[in-house]
Amino acid sequence: MERRLREAKPHCDEVFAGLNIFLIGDVRQLPPRQADVTFRDALDRLSVGTTTAADYARFGERFKLNVPVAEREEFKDATRLYTTRDEVAAHNIKKLQELDSPVARLPAKHNNATAKRGSADDAAGLEPVVYLAKGAKVMLRSNMWLETGLVNGATGTVVDIVYQPGRAQPEDLPAVVMVKFDNYTGPTVGDGLVPVPTLVHSWDHEQVACSREQVPLCLAWAVTVHKSQGLTLDRAVVSVGLRDFAVGLMYVAMSRVKSWAGLLIDPEFGLNRILDIRNSPGFLAREAGERAIVRNSR
Numbered sequence: 001m002e003r004r005l006r007e008a009k010p011h012c013d014e015v016f017a018g019l020n021i022f023l024i025g026d027v028r029q030l031p032p033r034q035a036d037v038t039f040r041d042a043l044d045r046l047s048v049g050t051t052t053a054a055d056y057a058r059f060g061e062r063f064k065l066n067v068p069v070a071e072r073e074e075f076k077d078a079t080r081l082y083t084t085r086d087e088v089a090a091h092n093i094k095k096l097q098e099l100d101s102p103v104a105r106l107p108a109k110h111n112n113a114t115a116k117r118g119s120a121d122d123a124a125g126l127e128p129v130v131y132l133a134k135g136a137k138v139m140l141r142s143n144m145w146l147e148t149g150l151v152n153g154a155t156g157t158v159v160d161i162v163y164q165p166g167r168a169q170p171e172d173l174p175a176v177v178m179v180k181f182d183n184y185t186g187p188t189v190g191d192g193l194v195p196v197p198t199l200v201h202s203w204d205h206e207q208v209a210c211s212r213e214q215v216p217l218c219l220a221w222a223v224t225v226h227k228s229q230g231l232t233l234d235r236a237v238v239s240v241g242l243r244d245f246a247v248g249l250m251y252v253a254m255s256r257v258k259s260w261a262g263l264l265i266d267p268e269f270g271l272n273r274i275l276d277i278r279n280s281p282g283f284l285a286r287e288a289g290e291r292a293i294v295r296n297s298r
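Just so it is clear: in the sequence shown, position 182 is 182 by the UniProt record's numbering, and no numbers are missing.
For the record, the hints were derived by calculation from the structure and aren't laboratory data. In this text, a Cβ means the ideal position worked out from N, Cα and C, and glycines have one as well. Heads up, a few of these hints could be off.
Said to hold, decoys possible - Label pairs and their in silico Cβ distance ranges:
no., residue 1, residue 2, range
1, 157, 4, 25 to 35 Å
2, 157, 105, 45 to 55 Å
3, 57, 213, 18 to 28 Å
4, 143, 9, 47 to 57 Å
5, 21, 282, 13 to 23 Å
6, 58, 209, 48 to 58 Å
7, 45, 9, 35 to 45 Å
8, 164, 271, 48 to 58 Å
9, 124, 147, 19 to 29 Å
10, 22, 68, 33 to 43 Å
11, 113, 195, 47 to 57 Å
12, 52, 202, 43 to 53 Å
13, 286, 232, 17 to 27 Å
14, 183, 98, 16 to 26 Å
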């Protein structure tokens, strides 16, 4: 932000281009959710690559092979956090196939070819194609009713997929998907069910007006660490990969749960995997930027 302001404003030789900037909120953009001080402190050190041997030993207690078999069973239906979309897709498809239930392929409706090529990020979370089945674990990708818990990231289970009468062809979108959300507090239909309709999002891409209509849901047995930001999970199985693709990736993954007991790490990793965070280009660039801001503010 500081660099872009100096590019755009006339006082390019001053910190933040001479503007007064107020930064409000948690320094890592994520509110602390851990009541266990030992867990919270270990996460704080993890975030800056200063994990101690004692911290690592405690994380090691949560490696899958070190957790008792009976306790591992409690994570059977827990959300898995991966660093790549390919890993997420593979796990979700595997779990979908295990349901042994007919799978609905829901291609989005687009107004042109440019919109069809757009990503889910372009379309405010609406996927180009969604795969659903009865019993599938899903995540809501839009804020529908904040006060009742129908927010982006809310999870639940598909109970039914409802089409308009006479419309259940392969290319048709359903009228609604009936979902039983985990933490919903508002009115329901039948036994705690919430009808989720299709949504339309519009955006511009290189002066082309684009739109996409899709059910605002995605499979959620597994999600990327990036998509998990802001979530609080009772339990999570975390796979941190070989390195951080972005600064703070491992911290985000580990801090989605509220306690050591809610964390299962699979596969395990060495202490150097954490300490190497301090040598990553992103971390070094962030530190250099912070030092420059402090220096120029004096």
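Hint check results:
1. 157 <-> 4: 25 to 35 Å: Violated - the Cβ-Cβ distance for residue 157 and residue 4, about 43 Å, lies outside 25 to 35 Å.
2. 157 <-> 105: 45 to 55 Å: violated (19 Å)
3. 57 <-> 213: 18 to 28 Å: violated (51 Å)
4. 143 <-> 9: 47 to 57 Å: violated (33 Å)
5. 21 <-> 282: 13 to 23 Å: About 22 Å separates the Cβ atoms of residue 21 and residue 282, which means 13 to 23 Å holds.
6. 58 <-> 209: 48 to 58 Å: holds (53 Å)
7. 45 <-> 9: 35 to 45 Å: At 37 Å between Cβs, range holds.
8. 164 <-> 271: 48 to 58 Å: holds (57 Å)
9. 124 <-> 147: 19 to 29 Å: holds (20 Å)
10. 22 <-> 68: 33 to 43 Å: violated (49 Å)
11. 113 <-> 195: 47 to 57 Å: The hint (47 to 57 Å, Cβ to Cβ) is violated, given that residue 113 and residue 195 are roughly 31 Å apart.
12. 52 <-> 202: 43 to 53 Å: holds (50 Å)
13. 286 <-> 232: 17 to 27 Å: holds (25 Å)
14. 183 <-> 98: 16 to 26 Å: holds (25 Å)
Comparing the model with each numbered hint stated earlier shows that hints 1, 2, 3, 4, 10, 11 do not hold.
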